[in-house]
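Undergrad: Please build the complete structure, drawing on both the sequences and the hints.
Going line by line, the protein sequences match chains V and B. According to this note's numbering, the first sequence is numbered sequentially starting from 85. According to this note's numbering, the second sequence is numbered sequentially starting from 85.
Read the hints as simulated data drawn from the structure, not as lab findings. Please read all numbers here as calculations on a predicted model, not as lab measurements. Just to be clear, a hint being listed does not mean it is correct.
Pairs involving identical chains hold if they fit within one copy or between any two copies, as the list cannot separate such chains.
Claimed, not checked - Under the rule of at most 30 Å between Cα atoms (straight-line distance), these lysine-lysine pairs were calculated in the DSS-like manner: (1) K684 <-> K140; (2) K773 <-> K560; (3) K251 <-> K777; (4) K610 <-> K141; (5) K464 <-> K754.
There are 2 protein chains.
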Amino acid sequence: MNYLKKVVIVLLCLFVGFENYAQQHPSIMLTKANIDAVRKGTNEYPLLKHSYLEVKKQADAALSQPIQVPVPADGGGGVTHEQHKKNYNTILNCGIAFQISKEQKYANYVKDMLLSYASQYQKWPLHPKAKENHQGGRIFWQALNDCVWQVYTIQGYDMVYDAISAKDRETIENKLFMPILKFLTEDCYTTFNKIHNHGTWNVAAVGMTGYVLSKPHYVEMALRGSKKDGKSGYLAQIDQLFSPDGYYMEGPYYQRYALLPFVLFAKAINNYQPNLKIFEYRDQLLVKAINSSMQLTYTDGTFFPINDAIKDKTYETIELVYGLNLAYADIKAEPFLLDIAQRQKRVIVSDAGLAVAKAIAEGKSQPFNYVSQWIRDGGKGDEGGLGIIRSGSNEDQQCLLMKAASQGMGHGHFDRLNMLYYDNNGEVFYDYGASRFINIESKRGGHYLPENNSWAKQTVAHNTIVVDQQSHFQAKVSEAEKYHPNLIYFGKDGDTQVVSAEENNAYHGVNMLRTSALVKLPEANKDILIDLFYINSDKEHQYDLPFWYKGHLVGASFTPKVFTKELKPLGTDYGYQHIWLNAENKLDKQTGFITVLNNKRFYTTHFTSETPLKVKMLSIGANDPEMSLMEGKAFMLSQPKAQNQTFVTITEVHGNIDPINETVEAAFSKITDLKLIKSDKTGAEISFKYSGKSYSYRLSYSDKTRFVQFLSTK
Amino acid sequence: MNYLKKVVIVLLCLFVGFENYAQQHPSIMLTKANIDAVRKGTNEYPLLKHSYLEVKKQADAALSQPIQVPVPADGGGGVTHEQHKKNYNTILNCGIAFQISKEQKYANYVKDMLLSYASQYQKWPLHPKAKENHQGGRIFWQALNDCVWQVYTIQGYDMVYDAISAKDRETIENKLFMPILKFLTEDCYTTFNKIHNHGTWNVAAVGMTGYVLSKPHYVEMALRGSKKDGKSGYLAQIDQLFSPDGYYMEGPYYQRYALLPFVLFAKAINNYQPNLKIFEYRDQLLVKAINSSMQLTYTDGTFFPINDAIKDKTYETIELVYGLNLAYADIKAEPFLLDIAQRQKRVIVSDAGLAVAKAIAEGKSQPFNYVSQWIRDGGKGDEGGLGIIRSGSNEDQQCLLMKAASQGMGHGHFDRLNMLYYDNNGEVFYDYGASRFINIESKRGGHYLPENNSWAKQTVAHNTIVVDQQSHFQAKVSEAEKYHPNLIYFGKDGDTQVVSAEENNAYHGVNMLRTSALVKLPEANKDILIDLFYINSDKEHQYDLPFWYKGHLVGASFTPKVFTKELKPLGTDYGYQHIWLNAENKLDKQTGFITVLNNKRFYTTHFTSETPLKVKMLSIGANDPEMSLMEGKAFMLSQPKAQNQTFVTITEVHGNIDPINETVEAAFSKITDLKLIKSDKTGAEISFKYSGKSYSYRLSYSDKTRFVQFLSTK
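TA: Shown next, in the form of structure tokens:
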């Protein structure tokens, strides 16, 4: 069935299906027909039992406190902000506790809290902390949080609906929910019709409320935009915000945030209008988005922190608990999903959570299927993407990420062809993520810090080439949005997995081509990482390639010339002003190495180039008047003046230290004699020895059948 | 029974017991009579089974390789060094594998390896990497490692004794062990008779070998010194190296290292000469030493890293596996020891390990009994000590350590009245430990680095007072060895646990008195830390009090004046040259606070003094030409000129962030209005409010019955 046909069918269903809403309550995550089974499951299946007891504990804790519905006053992280956040969680928790326990006290608490909101809501003006150019809410400083509030609250209301009087329902609906619907669709008209995650939360809030209150007009607007013409609204968002592979252009951190309203609303649609077959929409786009969210994590559970991202975020996040539960229960029961469900340590107390907890209890879980893959970016899948290469078991996996995706709007970083490298359940070459102390009011109200623009987004904060100490596109979003990198090659050849991509617009007249590979040697336990960055330019430039690393320097082929008495910033702009220059060496040899001890393992990075390089040792922290920057260290390979330039590195993980038993193994790299033999527009060749055995690694950029050749030589 | 009487009895036993050595093999950790039970236990009890399989795996791995006995050449961490270390482990592992499996191949491998050593040993001169003023070995760069080699090897030999021919035994004993005994007692005469951990390893090696080879002459020397007069040797070491509470003057890191030869030799003595009642010696000193080693850890298993210490070291270390197994099996079967045995995840495959694994399998384990205690230092227990205060369960414990111990010889740091603070299973105010990359040859051969003297030992690297930017005793060990701090008070009064100690010799004419307490408020979940540092001097000085903290600064009562364009060292000597001055504020108010976010919790330190302070923000790393120093940050309270001075701080742990769920709780401290009301030689009084409720905290230094008073006031 082709795409256009499907859209037509969905549109037809929209109209024929409308009068047939299920009018039972509850009907979203928990459904009336399944309540008995879920209730029974909370006694039978450990994960569901544990999850329910946690919900009940929180509901009981809430009941032990008087209801607090303060007049909105504070920004993110402040007292009223946190209280209203707490309230929507309480409403949902009490709703669930009521359905499972049948105890009226929980329903009453929800009712009383909602009546308190209903008695005040219409008096609240736009939030006093609302910011210019940012849609303010009435409960929170931004409308986004009001939408989240409503998405949670309407579910709780749905669960206690039958337990409260018609009169109270009328008060709550007329004085709270209808005014909210009006606010979200009219006052927030622009956001409601935006193709953006704020828009998604808004349409989900409106659509789910429309279903529960039986207001088809609002559901229709939620699905197809204010004008009901399909140019905006939920379906248009599914069409435009995700690539065909389910990648969300802002990156994994925002992908998982955007995911929750997508899947919750989808579940509601599926329950109320199953004929819409929403989970099938756009070739099962939603399940692809859920799966790619999980594939965009490392084995420690953290999301790849590209673009603006809070670094501690893992797949344990509630959005992915919802996503995974629905993917397993409503779409396809893949046993490897259960592995992550176990690590999430909770399920949603719901029909879907029951299915997951039951399957786990029945021993169906299998290890999560981390795969190497190229994830396409762009609505049509033709705007670059992310290359992910993995090697080894989930217990000790090497993982390489190349970022060759589009800019990702305002949260995007200027880091074309950035490379991240993981091993041993942690970061080796890492991304700083965002500069933000989320929810911590003392740090600029918990918002993004000025250093997010001046540092975190800048090219030099990433493991990619900086030309003439300026960021890609001179850090202009509007320019960067126009272009995307292109995939050259992604694939596996024998024991070599390789990703290659180019970026030709980040600097005028400069073509950049990076090829990174994990290569298995017959003699080695772990793969080596071979990275080749080729730059072709119409004139001479300075080229800097930083490697932001974790761990501590323990060896080098040269003696670093350290600035011992004074530190100065590395530059004045584009993030260079935030870097202290700790050491600088002009090497006299073409090859060299640096060894880092990181989480008890050694990582030696050998490097070479056409001519000897400068190596700079860097640390983060200059020009940081509010002491907001996090510690970080890099070594930077630098070529002060060259036209064409190739940076070759081979990073070998070797040996270990055991501080408990005070032993050390294989503290020295086995790689020697790294040489760059050839590098031009058509391809490249390097050679090196491993434990004395010679190897050759050749790239042919235009030959897709023999793109990479890796051979042992005499 | 008094101490002298016991000494007399032991001495008598030494002479009457000698002719009655058990001449069975094996007879140390594994004994012939128990072999069947242990063998059976390796099938029955999970921890013993797992431990044995690990030993067997290593033995099998060794057997798959040819025997390598290289001519000694490399220093610590180098190839021959690591090979000889591996060999002694192999000898022991194969010995155990032989005893349990009865497979001759293991015995043969030990035999062949020992014959290889026997064929070479006498040709080896003093090790080429031996250092001046440091007793060199023949197998290793220092004799210490030769002793360790022998302690392990003789056990392995004891296990295969019956399985190898009398002729081979003769070769091994005459060409290897007897020359080693000669080397260790004659060439290393000074070390052998030293009251020092190197001496302990030496006498243990000699004594255990003497038992196994049935050479009473060597056993006697090991027990009572070369002259057999009791002035040196094992018993003298027990008498002099430990305090009556079982504290080893060099500190916990060396205590656990010293412990292994003590307990192994004790076990051998107990088996061969049970009438010596060695475990009873000096009022059960050895079990006190084992127990205090465990009490000198935090709940994450790490040893308090005072003095020279490698920071990752935990009670999982093999020395404490031996210690704990013997303490449980041979001395007293305390069920709380089993908790740590479970965390150690292994037992020694031995009679003692059997007892531990069996008890665990029978469910006898109880949580380890961490206690608050004053651990005395000094042979007579009158040379200061360590004050340890704990609060809360082992899962989430607050722990405060005050170091008021003697210098601890060459590994001691100049950190009188240093304070460490732990919470949430990690460090809050921490000690740098040693500056050393142990076993990493590229970092000065794995030895202590120059920065260990220039930085790690210096006072400013610790959380205690520095006067006039000079270290205690001007960092002279010989001076520092002459004096020790004195305990003023240690005890609990209601919900207040307090330790108070003084140091009057670190600076001429300056008396320092520090009183630190964990105080439980009825309104708070966690204790607050009240720290009061009183200095009384005959003239004016500069006083600096650094707090080396973990985490990230997120708030302060003042706006830090940050050095954004350039960093300079804080000083020129005594460790100040290694500190970058990041920010400096002269406050205009007497009180202030700093809030740090550390492992998802907030820690606010309120401070006050007689007059407004300077606050400096510091980081480690200046004058570090080899980039050897680890990252670290401090805030320093500073008084540029004062005669008498009191630094008062209250550190409150509050709230948390949850980055998975993006919530924050209690980001602001509840403490306000901290005031210093009185402070002089007789005592002090402060007041503050917690959530608006007023409290008063009073100290009376000379009143041991009402030393501390903590009251809520109107």
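Undergrad: A separate judgement is required for each hint: does it hold in the structure or not?
TA: Here is what the structure says about each hint:
no., hint, result
1, K684 <-> K140, "between (42 Å within a copy, 25 Å between copies)"
2, K773 <-> K560, "neither (43 Å within a copy, 51 Å between copies)"
3, K251 <-> K777, "neither (84 Å within a copy, 45 Å between copies)"
4, K610 <-> K141, "between (46 Å within a copy, 21 Å between copies)"
5, K464 <-> K754, "neither (45 Å within a copy, 54 Å between copies)"
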